[in-house]
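Start counting the sequence shown at 1220; every next residue gets the next number (my numbering).
It cannot be assumed that every hint is accurate.
Said to hold, decoys possible - Across the chosen pairs, the derived CB separations fall in these ranges:
#1 Thr1226 to Gly1272: 16 to 22 Å
#2 Arg1253 to Ala1327: 15 to 21 Å
#3 Phe1235 to Arg1288: 29 to 35 Å
#4 Val1242 to Leu1342: 18 to 24 Å
#5 Arg1301 to Ile1249: 18 to 24 Å
#6 Val1229 to Asp1273: 20 to 26 Å
#7 Leu1344 to Val1255: 19 to 25 Å
#8 Glu1331 to Asn1225: 16 to 22 Å
#9 Cys1285 to Glu1331: 28 to 34 Å
#10 Lys1341 to Asp1280: 18 to 24 Å
#11 Val1255 to Ala1327: 37 to 43 Å
#12 Asp1296 to Val1234: 32 to 38 Å
#13 Glu1271 to Asp1299: 35 to 41 Å
Hints listed in this document are in silico derivations from the structure and should not be mistaken for laboratory results.
Computed from a prediction, not measured in an experiment: that's the story for all the values here.
The C-beta atom is built at its ideal place from N, Cα and C for all residues, glycine as well.
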Amino acid sequence: MEDLPNTIAVKFGTVFHCEEGRVLPLRLIIVIHRFVGPGRTVLVWRGLIAGEGDFAGTYLDSTGWCVLRPAASGAVDSTDVRTCIHLVPIHLSLQKHIEGSEGTTDIAVFTESVLRSAQQDKLELARLMQELLLDSP
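Whenever a hint applies, use it, and build me the whole structure from the sequences.
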């Protein structure tokens, strides 16, 4: 790869605790590339979110981009953030498809849980950023 300082590849595991008390272990593999241009920075990524345990063989293929640029909001320094994410659920467990329609239910539960986890992360990040703004002089 030619532009290594602007590329990162990460593999890690995490656990999401569902509302109904179910624990969802996840494995994530993601590659992110940064493009810096006049007045903006663009992040482009491709990732795979893999379920483990009860959700082994269930995946979410994630592709997306995020554009960051200074916002024209007067005297206040701020950043305009635009994001687009495309998620494709994939189920590779042939055995579950042979046994019945459980695979479809697993995909729906897995996808909903991962999206809920991402939403919680987004809300927590927004809260922390707001806290930083309130603490700044």
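Here is what the structure says about each hint:
At about 31 Å, the CB distance of Thr1226 to Gly1272 disagrees with the hint of 16 to 22 Å. Between Arg1253 and Ala1327, the C-beta spacing of about 34 Å breaks the proposed range 15 to 21 Å. Taken as a hint, the range 29 to 35 Å holds for the pair Phe1235 and Arg1288, whose Cβ atoms sit roughly 32 Å apart. As the Cβ distance of Val1242 to Leu1342 is approximately 21 Å, the hint placing it in 18 to 24 Å holds.
Under the hint 18 to 24 Å, the C-beta atoms of Arg1301 and Ile1249, about 19 Å apart, fit the expected range. A hinted range of 20 to 26 Å holds for the C-beta pair Val1229 and Asp1273, which are about 25 Å apart. The hinted range of 19 to 25 Å is satisfied by Leu1344 and Val1255, whose Cβ atoms lie roughly 22 Å apart. The given range of 16 to 22 Å is broken by Glu1331 and Asn1225, whose C-beta atoms sit roughly 34 Å from each other.
Between Cys1285 and Glu1331 the beta carbon distance is about 23 Å. The supplied range of 28 to 34 Å is therefore violated. Checked against the hint of 18 to 24 Å, the pair Lys1341 and Asp1280 passes, with Cβ atoms roughly 20 Å apart. Look at Val1255 against Ala1327: about 39 Å separates their beta carbons, and that is inside 37 to 43 Å. Hint check: Asp1296 to Val1234, Cβ distance near 37 Å, so the stated range 32 to 38 Å holds.
The beta-carbon spacing between Glu1271 and Asp1299, approximately 37 Å, falls within the hinted interval of 35 to 41 Å.
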